[in-house]
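Enquirer: Residue numbers (the numbering used here), protein chains in the order written: chain P, 1 to 458; chain B, 1001 to 1240.
Source of the hints: derived by calculation from the structure; they are not laboratory data. Among these hints, one or two may not hold up.
Claimed, not checked - Computed footprint of chain P on chain B, listed as stretches where at least three residues anywhere in the stretch have a Cβ under 8 Å from a Cβ of chain P:
| hint | segment |
| --- | --- |
| 1 | 1058-1071 |
| 2 | 1111-1119 |
| 3 | 1125-1135 |
| 4 | 1142-1155 |
Unchecked claim - Derived PhoX-like pairs: lysine-lysine, alpha-carbon spacing no greater than 25 Å straight-line:
| hint | chain 1 | residue 1 | chain 2 | residue 2 |
| --- | --- | --- | --- | --- |
| 5 | P | Lys361 | B | Lys1191 |
| 6 | P | Lys361 | B | Lys1135 |
| 7 | P | Lys236 | B | Lys1058 |
| 8 | B | Lys1229 | P | Lys362 |
| 9 | P | Lys365 | B | Lys1098 |
| 10 | P | Lys419 | P | Lys305 |
| 11 | P | Lys365 | B | Lys1134 |
| 12 | B | Lys1134 | P | Lys356 |
| 13 | B | Lys1098 | B | Lys1135 |
| 14 | B | Lys1124 | P | Lys357 |
| 15 | P | Lys419 | B | Lys1124 |
| 16 | B | Lys1041 | P | Lys365 |
| 17 | P | Lys362 | B | Lys1134 |
| 18 | B | Lys1041 | P | Lys361 |
| 19 | P | Lys365 | B | Lys1058 |
| 20 | B | Lys1135 | P | Lys357 |
| 21 | P | Lys356 | B | Lys1229 |
| 22 | B | Lys1229 | B | Lys1135 |
| 23 | B | Lys1044 | B | Lys1135 |
| 24 | B | Lys1140 | P | Lys362 |
| 25 | B | Lys1058 | P | Lys305 |
| 26 | P | Lys305 | B | Lys1134 |
| 27 | P | Lys362 | B | Lys1141 |
Since we're looking at a predicted model, the values are computed, not measured. The beta-carbon is built from N, C-alpha and C at its ideal position, and this holds for glycine as well.
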Amino acid sequence: MSTLKTRSLIAFALCFCVALTYVAPAALAQKKTAPVEATPPPVREEFKFGKVDLEVLEQVNLLDRRFERDGMVLEDEATNAYLFRIGQALIPKGLTLENVSWKFRALRDPQPNAFALPNGSVYVTTGLLSLIDNESELAAIIAHELTHVMRRHTYVQNRSNRKKFLTMNVMAAVGAYAPGGIVGAAITAITMIAPFIIVATIFGYSRDLEREADLKGIDMMISAEYSPEEMVNVMKVLDRDIEGENIRLFYNDHPALRERISYLSSYLGARADRVTPQMELNREKSAYFRAMEPMMRHDVQLQIKGGRFRSAVYIAQRLVDFHPDSENLFWLAEAYRTLGPRAPQLTESELTNSAKKDAAKKHEKRTDEEIERELLATPAGQENWKTHRQRSEELYQRSLAAENPVAMAHRGLGMLYEKLEKKTEALAEYEKYLASAPAATDQERIQRRIENLRRPPQ
Amino acid sequence: MTFPFSIACFTKLRKTSITFIAVLITALAPAIARAQFLHPKISKKETTIRNVVILPAKVSVVRDSMKGPEGMAAESEELSGRVEKVLAAILEKQKNVKTLNTPSAASGEGDAQQKYSIADFQTKFDDLLPRIMKKRSDVKKGRFTMGDEVLNLNLDKRVDAVVFIRGQGQKLTGGKSAFVLLVGGAPAYLKMQIGVIDARTGEVLLYTDPLFAGDPTTAVDRLRKALDKGFKKLPVVTVQ
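For reference, chain P alone in the conformation it holds in the complex (with noise of 0.2 Å):
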């Protein structure tokens, strides 16, 4: 009897702590949910600076000026200025904040992101910044990380993070140090189940904390002349997914997609039909490609570089519908070389999360090179390589046959031959190189390729 009640105690104690599990996410995440109101300036006026806090920003200032050194930030003026002007336009006018300096620069990462410091500094990655179409999506991005700043959500995370670490660890020593006997089941139990719990809230709030920048941000941009349905794009922009990287976790700091398409959506109502000259002339793509044709330049390099290749392909692409010059041909050449066997676009079975996860696993273990080689040994590889070696050596052709032929191309085409083991021809192509661009960085690099492939086999 007494081995029985024991079981059905430690029983009932377990069921209690999983269906808290459940039921406490969602009952913290009502409880914490920020008002919305379309009141702006979004600005968190009780905020007092704490220890605490002065710290996090000692920590974010080391962090910014790392970023510059480190040569994370992209160094370009036009873009940067660029991102000054809708960042501006968008804080309300007068607006002082405390420990709050304003800086929007791009950070030279080909993953599609945008974080705000909260000392003020605002990063679009150039991943992010070559996926998007006009200034008003842009304007979105910034308007949702300004809120972010403004109602000083790092701070505010920072202390509830704290409060929850401190509890996850006092439970920690109370059930290293439960007695024996029932009680001590139950607190076992719980404090066992109990981390979970807290993880769950942490990953919540922050949710909650994403959902009101959305929704601040959409009365930002409206206040600001931006078209605020440009936010519901942006949202479907991220959710396009060209790596298959987008992989779905069991907690996300972040709302689904989905899920934020369509609060935004039904927040928005009416709203969205209230569209004004300046709204128009803001989303206007042509405007947004003049100015940001050289970061997307540089964004395909940097999406080469990091193995994203169809990401480089479909941003190339973009730039040589926009403006088929000499350059944007030759990127748009060195992204389907580098593409190699590899397919243009992930099928339908290869987005579903399952397949996502197991390509992230089976990238973790081989290299691209090793990728490349197994899929140059099936057909479909064969054949896609066949396709994008055809298509690169007649857009680097187009390169150098267009105006102001760029040097670089017949560096390409020489990388290309290379690889096809075409060598009087991969020879020609380097040295029309090394002679049309004398001061070229890699010069070192393409003298010592043309040394290994006069080398006569061993």
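Add chain B to chain P, keeping to what the hints say.
Expert: Showing chain B alone in chain P's frame:
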């Protein structure tokens, strides 16, 4: 009546194992050097590393407190510099390998293009690192390479290899130290991943991941010992 394994017994067993692990860690604390893996070119002495360039190390440490981990950006910077210096000294004294001055491109100074070249190459190493760590022994098969893009760094002609240093560590606050002793958990430590890359071909010539237990911001001797052990297998260069 009780269970065959009662909760009290389980709790005792848990406490005993935590204490055992804590004692074990303390005993091994000074320096736990992990394995080193050499490319066949180095082990067969086909290639000799005489001069290297150490790229800016990326070592980050956090302060783990009862309220969670806190960043230590300034200390991380300082530690990164210290690891570079200690490694350069060890290579020079123990192996007769000279560390040449980092050119402006490699130190991250100079114009934007130079900064980008080095930043991109550091990123490339970060991309390759998880694959190396997944199967470190494959370095011995010469499986890993960063490609001939290494030549774009335009290093001094005498440079034979480029050294990449990564590290992660934590120091504990007083409260957390007591917590770790009583309840268990990771002690203060520093774990590094160091790759030595051929400056002409980009091949990974050596990979080592030294580790030591102790406060990474102050334990200079332990750092030195860990690095020393980490490069034990690298052949000594005969001075002519």
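Enquirer: Confirm or reject each hint.
Expert: The hints, checked one at a time:
no. : hint                  : in the structure
1   : 1058-1071             : holds (count 5)
2   : 1111-1119             : holds (count 7)
3   : 1125-1135             : holds (count 6)
4   : 1142-1155             : holds (count 8)
5   : P:Lys361 - B:Lys1191  : holds (24 Å)
6   : P:Lys361 - B:Lys1135  : holds (14 Å)
7   : P:Lys236 - B:Lys1058  : violated (36 Å)
8   : B:Lys1229 - P:Lys362  : violated (33 Å)
9   : P:Lys365 - B:Lys1098  : violated (34 Å)
10  : P:Lys419 - P:Lys305   : holds (18 Å)
11  : P:Lys365 - B:Lys1134  : holds (7 Å)
12  : B:Lys1134 - P:Lys356  : holds (19 Å)
13  : B:Lys1098 - B:Lys1135 : violated (29 Å)
14  : B:Lys1124 - P:Lys357  : holds (22 Å)
15  : P:Lys419 - B:Lys1124  : holds (21 Å)
16  : B:Lys1041 - P:Lys365  : holds (23 Å)
17  : P:Lys362 - B:Lys1134  : holds (11 Å)
18  : B:Lys1041 - P:Lys361  : violated (30 Å)
19  : P:Lys365 - B:Lys1058  : holds (23 Å)
20  : B:Lys1135 - P:Lys357  : holds (20 Å)
21  : P:Lys356 - B:Lys1229  : violated (40 Å)
22  : B:Lys1229 - B:Lys1135 : holds (20 Å)
23  : B:Lys1044 - B:Lys1135 : holds (21 Å)
24  : B:Lys1140 - P:Lys362  : holds (21 Å)
25  : B:Lys1058 - P:Lys305  : holds (20 Å)
26  : P:Lys305 - B:Lys1134  : holds (21 Å)
27  : P:Lys362 - B:Lys1141  : holds (20 Å)
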